[in-house]
Amino acid sequence: MTAVGNSATAPAAAKAGNDHDVVIDVQHLTKRFDGRAVVRDVSMQVKRGTIYGFLGPNGSGKTTTIRMLCGLLTPDEGTGTCLGYDIRTETDRIKRKVGYMTQRFSLYQDLSVRENLEFIGRIYGLQKPRQAARAAIERLGLTGREEQLAGELSGGWKQRLALGACTMPSPQLLLLDEPTAGVDPKARREFWNEIHALAADGLTVLVSTHYMDEAERCHEIAYIAYGELLVRGTVDEVIAASHLTTYVVSARNGNSLSTLGQELEHKPGIDMVAPFGTSLHVSGRDAAALEAAIAPYKARDDLDWQRSEASLEDVFIDLMGRAKDNFQ
Amino acid sequence: MNQLIPTEEPRRMRGDGFWRKTWAVLVKEFIQLKRDRVSFIMIVTIPLVQLLLFGYAINTTPRDLPTAVLLQESSNVGRSILAALHNTRYFKVTELPRTEAELDRLLASGKVLFGIEIPANFERELRRGDIPAMLVAADATDPVAASSALSALGRLVQTALAHDYAIPQAGSAPFEIRTHARYNPAAKTELNIVPGLVGTILTMTMLIYTALSVTREIERGTMENLLAMPITPIEIMLGKIIPYVLVGFVQAAMIIAIGVFLFGVPMLGNLGVLAALSTLFIAANLSIGYTFSTVAQNQLQAMQMSIMFFLPNILLSGFMFPFAGMPLWARWIGEALPLTHYLRIVRSIMLKGATVSDLHYDAAALAALMLVAMTIAVTRFRRTLD
Ligand SMILES: Nc1ncnc2c1ncn2[C@@H]1O[C@H](COP(=O)(O)OP(=O)(O)OP(=O)(O)O)[C@@H](O)[C@H]1O
Ligand SMILES: [Mg+2]
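Protein chains in written order, with this note's numbering: chain A, 1 to 328; chain B, 1001 to 1386.
Chain A extracted, bound-state conformation (with noise of 0.2 Å):
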C-alpha cells in the first residue's frame, strides 16, 4: 500500500521539501492504544497558507492524528513540528497559536454563547475579552443569541460557535475536525469562502471532513485508512495516482441497473463498481482487463457507456476497498 501512498506523494512532498514556510512537518508518527496501533507511521508536511482536506472513513486515526498535532496526545513513535515548535517537547507554545476545532462540542454547555467566549478571550490574553466577545458574535452571526447557552443552541449553531470560539484569538493555524457536520449547505459555503479568503493571508488550515465537494475545495488532501496514510497531493495528483479508469454506464431506457451492477461486480478486471444517482461508475485499475470484461455489454444498444474521470470518491472508495485487503 506504501508503494501508491509514494507514488503520489513524491511530487506534494517535493515542494514543501525543507521550505521555511512548512507549518506542518511531522514525520513517522505512530499512536497505540492498548498496543493496537491506530495512527501508523504518518508523515505529512503542510505548507503556509494551504488548505489542507485530512480524509479517511470512520476509525481511521483522523482526529488522533489531529490530536497529537496540537499536543493533546503524546505519539508513541515519530517526531515532528507544529509552527517551527516540537509537537513532543513545546505543545504549551503550539497551543498559544493554534486554533482547535474538537469533532464533538466541547464548549460549556451550561454558559452562553457570550460567557463561552469571554472565556476563551480571558484564557488566550486577548485585552478587551468582552468587546472581543461581542465582536465575535457579531462576526459569526450569533447576534441575538449570544444570552442563549451553548447547550441549548442547534446543532449548526453549535459548530458556527465552536468555530467562532477557535478563530477568536487569531491563530496561525486552524486545525478543524469536521467543522461542517451538521452544517447547513448555504453556511457551508460561507465557511469554504471565508477558509479561502483567510488562507490567501497565510492562514494554514487543516480540515477534517466527509464530503467529497469539500475535499475538492481543498489545495491538497490527504486520505488515511486504517491508520495509514494512503495518499497525499492535490486532487489532481491523488486521481492521477489512482490509475483508474472509469467508465459510467446509464440505460438509454430508464430500466434500473441494478441487476447489471451485481453481474459486473465480480467480473476479473472490474476494482469497483458504484451506482451515482440513475448511473452506474465501473472501474479498474489494469484499463486493458476493463476494457475487456466490459466488451461483451458494451455492443448491447439499451447502455450507453461513456469513459470519464474517475472522480475523487471512486478513488477514495478503491483506495478503502484495498486497505481492507491488505488488514483485514
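A couple of the hints might just be wrong.
Straight-line Cα separation of at most 30 Å, DSS-like style, residue types lysine-lysine; simulated pairs [what the hints assert, rightly or not]:
# : chain 1 : residue 1 : chain 2 : residue 2
1 : A       : K186      : A       : K47
2 : B       : K1034     : A       : K128
3 : A       : K158      : B       : K1034
4 : A       : K158      : A       : K186
5 : A       : K128      : A       : K97
Output of the computed footprint for chain A on chain B, the stretches with three or more beta carbons under 8 Å from beta carbons of chain A [unchecked claim]:
# : region
6 : 1030-1036
7 : 1225-1231
By construction, these hints were calculated from the structure, which means they are not laboratory data. Being a predicted model, the structure only gives us computed values, none of them experimental. Ideal Cβ positions, reconstructed from N, Cα and C, are used throughout, including at glycine.
Add chain B with the ligands to chain A, keeping to what the hints say.
Below, chain B with the ligands without anything else, positioned relative to chain A:
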C-alpha cells in the same frame, strides 16, 4: 457567517498571565455554579439542615433511655432508687436482670443503654456513712446522651434518698457512682458537638464540590477544549478551588452564627483568627477533593474516594470518640486528617478562647496537608488525553 477571524489582530496582555487565566477559570466556575440551581441551593440548605438536625438531635435532653437495674439486695433504699428511676423521664427501667451476666448480655445486645447495679449491703454501708458504690455501665456510643443522663443519675438518687430516708443532701454525696470504662463513657459536654459539626459539615460539602470538578470536565468532553488552550494545571486548579473557598466561607459563617445564637455556644476567642483558620481548613479540604478528582477516572470513582476519606474524618478525628482515648495507630491516622486539627482549633477558640500562639501546630498541619494535596493534584493532572 460573515467573517471568522477578527480583521485586526486582537491586542493581547503582556506577560504569562497566571492570575488572568486563573481568573478566567474562576469566573467560569462561578457561572456554572450559579446555573446549577440545585447545587446553588444546597450551599445554604445542606449545612442548615444538617446543623439543625444533628445539633438538636444531639442537644436535646435524652428521654426514656432503656435501662436495666440489677438489685443485689432487697432493701428499702434499693426500691426507693428504682421508684425514683421510674419517675424520671431520663430513664426507663425496662429490665430487671437477676445476675451480672444477664445484665452484661442486655448491654451487649443493645437492648438497654444503661445497666445500674445496686450491690449487696448498699443500704447498710450507706447508713454507716461508708460511701458505697453504685455500679453503672453505660453504653456511651452516644456519648452526649450518656453523659447528661449520668450526671442526672447522681442528683436523682441523692434527691430520692434525702426525701425518703432523710439522708442529708448537703456536702458530698453519701454514695459513689462507679462507671464502667468498657463502654467508653466520654465526659463530653453538649457544647463540644456544635463546634465539631462546623468541621464535619464543611469537610463533606467541600470534598464533594471539588471531587467532581475535573472528572466532570472529562465526562462532558470539555476537557479536550480546555487542554487545547494555553493554560497550566496550577491555573486550572486555583481557578477551580478559589470560588469554593468563598462558598465554604459563607457556610462556615452560617454554621458558626447558628451555633452561637441558636445553640448558645460561647465564642470566647477571636473571631478573626477563627475566620482565617477556617479558610485554611476549607482550602485544605478543597485541595484534597481536587486531588481525588485528578486521580479518579470518572465521577463515580471520585465520589467513592471522597466517602472513603470522609469516614475516617468522622471516626478518627475526635468528633465521635475522644481523640486521646484512641489507640496510637488511630491517632496517627487522625493527625493526617484536616478535621482533627480543625476540631482542636474551633473548640479551642470558641470554648477556651485560645489565641493563635496556642494553635501553631494545628494551623501548620492544615497548611501542610493542603500543600501536599495540591502538589499531588498538580503532578497527577493529566495534561494530555493519552
Ligand atoms: N482514547 C482512546 N482510547 C482507545 N482507543 C481510541 C481512543 N481514541 C481513539 N481510539 C481509537 O482509535 C481509532 C481512530 O479513532 P479516531 O477518532 O482518530 O478516528 P477518526 O478518523 O477521527 O474517525 P471519525 O471519522 O469517525 O471521526 C478508533 O478505532 C478509535 O476507537
Ligand atoms: Mg474523528
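| field | Earlier hints that do not hold, by number | value | none
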